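Asker: For reference, the chains in residue letters:
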Amino acid sequence: MNHYEVLAPELVLLGLAFALVTLELLFPQLRKDLVAYLTAASAIGVLVASAFFANRSDSFKDLIQLDNYTTFFRILFLGTAALLAIASAHLVRDKLSNAGEYYGLLLLGVIGATYMAAASELLTAYIALELLNFTLYVLVSFDRKDPRSGEAGLKYILLSAFASALLLFGISFIFGVTGTTSYAGIRHALEAGIGEYRGTLVVGLVLLLTGLGFKVAAVPFHMWTPDAYEGAPLPVTAYISIVAKAAGFALFLRLFSQAFMPVISDWRWMVALLAALTMVFGNLIALQQVNIKRLLAYSSISQVGYMLIAIAALSHDSATALLLHLGGYAITNLAAFIAIIAFYNATGGEEIRDFRGLAERHAGLAMTLTIALFSLAGMPLFAGFMTKFILFQAAAQHGLLWLSAFGVVTSMISLYYYLMVIRQMYVLKPRDGDGRLRVPLLTSAVLVVLALGIFFVGIWPTPLFRAAASATRLLF
Amino acid sequence: MIPLDQVLVFSGILFALGVYGVLTRRNAIAILMSVELMLTAVNTNFIAFGVFHRPSLAVGLVFAVFVITVAAAEVGLALAIILRIYRQRTTANVDEVDILKW
Amino acid sequence: MLTIAIFLPTLAALVIALTPRSRPDLPRAIALVFSLVVLALAAIMFVSLDRGFQGFQFTNHVTWVRTSLGGFSFQYYVGLDGISAALVLLTAFLNVVAVLVSWGIALRPKEYFIWLLVIESGVLGVFSSLDLLLFFLFWEVELVPMYLLISIWGSGRKEYSATKFVLYTVAGSSFMIVGILALGFTAHTFEIPEIMRNGVREAAIPLGFIFFALFSGFAVKLPMFPLHTWLPDAHTDAPTAVSVILAGALLKMGGYGIIRLCVGLLPQTAHDWGLAITLLGAIGVVYGALVTLRQTDLKRLIAYSSVSHMGFVLIGVGALGQLGLTGATVQMVTHGLVTGMLFVMVGLVYERTHTRQIPELGGLARQMPWIAAAFVVAGVASLGLPMLAGFVGEVVVFLGAFSKYAATTIVAVSGVVLAAGYILWMLQRVFFGPPKEQWAHLGDARHWSEWLAMGAMTASIVAVGIYPQWIIDAIDHGVVPIASRLG
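Residue numbers (my numbering), protein chains in the order written: chain A, 36 to 511; chain B, 2 to 103; chain C, 14 to 500.
Hints are computed from structural coordinates only; laboratory data are not their basis. Predicted model, so just to flag it, every value in this text is computed and none were measured. Any given hint could turn out to be false.
[Claimed, not checked] Covered, in the sense of this in silico footprint (three residues per stretch, anywhere, with C-beta under 8 Å from a C-beta of chain A), are these stretches of chain C:
no., region
1, 136-144
2, 164-172
3, 338-347
[Said to hold, decoys possible] The list that follows gives simulated cross-link-like pairs (lysine to aspartate or glutamate, EDC-like), each with its CA atoms no further than 16 Å apart:
no., chain 1, residue 1, chain 2, residue 2
4, A, K464, A, E395
5, A, K130, A, E226
6, C, K123, A, D389
7, A, K464, C, E373
8, C, K417, C, D489
9, C, K417, C, E215
Glycine is no exception: its CB is placed at the ideal position from the N, C-alpha and C atoms.
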């Protein structure tokens, strides 16, 4: 007997998404930022409600598994969506039309992302993935006035469709070898032995990894990322960099730990190679960026490299470390993006040199952005250091010390480009005529909370670590 | 009945053609068509494997149906975006759409 | 008490952050009061350190973050032995001086003192952590404040120097963290006393690699020839107080790391590399001294003399004996005092003349007799005149190293001769000789903060020089357990 009530959060979200669209249709003159706060409130409501589902688990015919792992990601996605909705309020009101659809799609994407974490069967996983992607295509090209937005959407959809095809072709081979698409079934088949079809399986795995590599933006499959990041409206960029990335890894982690664990020796080196390439190139290309969105795009690519380390060293320890890192990364990136959104709303600038003298124009904003960037660079006492360190440490314990060393060295490189942004803000004087900036009260409050969160995870990660450990326990 | 490996060779060729198309074509619609070709190869694979393994369960067939549906939606979306860009700049060639660095 | 001493500067920084912008005179007062309290605490701990009891004292041990990963956990574990107590005292003292010489800072004073105090917390933490990971955490604290201090309040090519400083430090610490990780996994613990007790057995990762990784990290900081090129730039362009801290405390982190981690935890490997370390030290001494001779900028001159003096530390370490290690530590302390004072004096001169070019100066002793006198004291202490601080360290190093590497030591002694040359020449050109017209209006030290800084530094140098036993005693307490494991 299934407990259907655990499906409730997503059903409610679906209802809310449509309600938001309808609301806008019925009352077109409604204040647009009100829709944003409505979205945020409903997302937080669902978040609180779904916290009650912690430690409840149920599996539906091996198609989806609703357990602590799903709950962990559900809370992560909902929290992100809520904060981004608040951050979008002014931007959407001033620059975009169709606010209802924008926020509705935001929530639909969360459903897709959650089901990517919940799926325990390949077809379900694929459909959840496409649900998230479809909302992203629309969101990326949402800004009708900005030609960059449409261009970003086009590039994103073409490369993403290509990646989907690769992924599906890989899945078809794996289906061919094992005769099933459920994760548990694949695992059984692989444990029973596949004999002469090992070559076919490896081809399937390579294709699958390529497809997933595109989705999470690992080098050398990262080409779409900088363009999509730069062209998309800022909150959408943040959404891609947090929700889409975390969802990709949620799927990646569950798939590989539940289905492909028996053949780990066949794919470990591929993932390790991807991780090394991603860390090195992500960080090196980031060094020469002048646009803050592109900089964060490459920075997020290099973060993917660190996360791939956890998959290469797959074990309960490293999976926990990965979830912990994703949590810290989400908080950090939210702080960075919301600070940049606030800056963009006030000035319209998104080049790094526009940040000149920000410390004197708005000390709080500069401080938050600095905290976020240090956390991304992995400076001690910030979230990024603690989570990354636990990640590297878990990898080193499972025989991948060399990959951890790569991670350490490349994150030291990354400090340089973050420092260049900080230099603009603190060392240089503001240009003549640049006055003080105004930041809305609610945004300031969100930023303060996030900055404290960064320190909290950096200094006392135990609560988050426990949550991550209980989320990953059932995977192995 | 056609042996499985012949079907696989066929789908492999289809897929390779699709990949070639994506990598060489510059027109967005042509790229989209090439992706469709790749998806056709995927569907062929699924149906062949499904029939080969356990015809009664029809997992492969179901998968293929879903892929076709999703692909149709994807094409719809992509065409909408292409249309918008075409209206703005009267081109559908991806290398002429180059405000952003590739 | 140790924990209070470490975090008091951070608390002070927070207090300063809360002061209103309309009271720009508050930050320096708060900074001074707090650093005096820290100095008092450090002095109490230094005096009450039980010389008879082997091992770390004033320890605090709290498990901070426990994860389920193979029993590994972050710990807050601090404690002092003689070596760290001496260096903690030095740091606390220099910080008071640094606050004094920054009394006139007018540009964004709030942030300035915040960063200065944050650095103090970090350095004190490095000298007292007994856990490798904690050590690394504290090690990294200093980086960003230092970058900002040099690039905002510096002079000349300040951004270039600050960036260079960051790049070198970051490169060094990435080696170091890899070494620390490898050491921790090989020894199955990150606690320093534990590793000292049980030793490290060769495992999957060669100990030589670990040693090399750690040593490179520290060598950058020390700085060892040929990794020293960031130092003259950073010193030249940094504000006075930052130069004092940089030379006095930050460089010592490198030497301390080599003694505590490289030699203390991996004695066998250190044995294999003893000669190489000594040679590098000797090259540093001679090269540093030769380059110093050619400098015309006062700060650059002192910076290169630092490279030369830190070479002595390496020679002492390379000798791998009790005497050598004691000498190296004493040399670190005395160099901290002497070079710190030299930078203070240069700062005072520069405030008056607004140039540091030696050829442009001359005959200043007439206008500022007291400054000249203090400068001469610091200078002759630096060249190693008996009865002053500089002499003690160098002699003990030579005694320790001579029995082992006689030839190298003799070469290094020539560094002292060269030091006599460049210091005396510099003093002569700056303070004596014909007075120049454009400096006629300058006055001597006037403000009480200047007097206090000068007086305290002179007193400390004389105190260490006349009766070095009080500091050697304490240092021996820390060196003996390390030396006994060297066999």
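Asker: Indicate, hint by hint, whether the structure satisfies it.
Answerer: For each hint, the structure was consulted:
1. 136-144: Violated - the region 136-144 of chain C has 0 residues with a Cβ nearer than 8 Å to chain A, which falls short of three.
2. 164-172: Held - the region 164-172 of chain C has 3 residues with a Cβ nearer than 8 Å to chain A, which meets the minimum of three.
3. 338-347: violated (count 0)
4. A:K464 x A:E395: This hinted pair holds, its Cα atoms lying about 8 Å apart.
5. A:K130 x A:E226: Violated: K130 (chain A) and E226 (chain A) sit about 55 Å apart, past 16 Å.
6. C:K123 x A:D389: With a Cα-Cα distance of about 25 Å, the restraint between K123 (chain C) and D389 (chain A) is violated, given a limit of 16 Å.
7. A:K464 x C:E373: Status violated; Cα separation ~32 Å.
8. C:K417 x C:D489: Violated. K417 (chain C) to D489 (chain C) sits at ~20 Å, over the 16 Å cutoff.
9. C:K417 x C:E215: violated (27 Å)
In terms of the numbered hints stated before, the structure departs from hints 1, 3, 5, 6, 7, 8 and 9, listed from lowest to highest.
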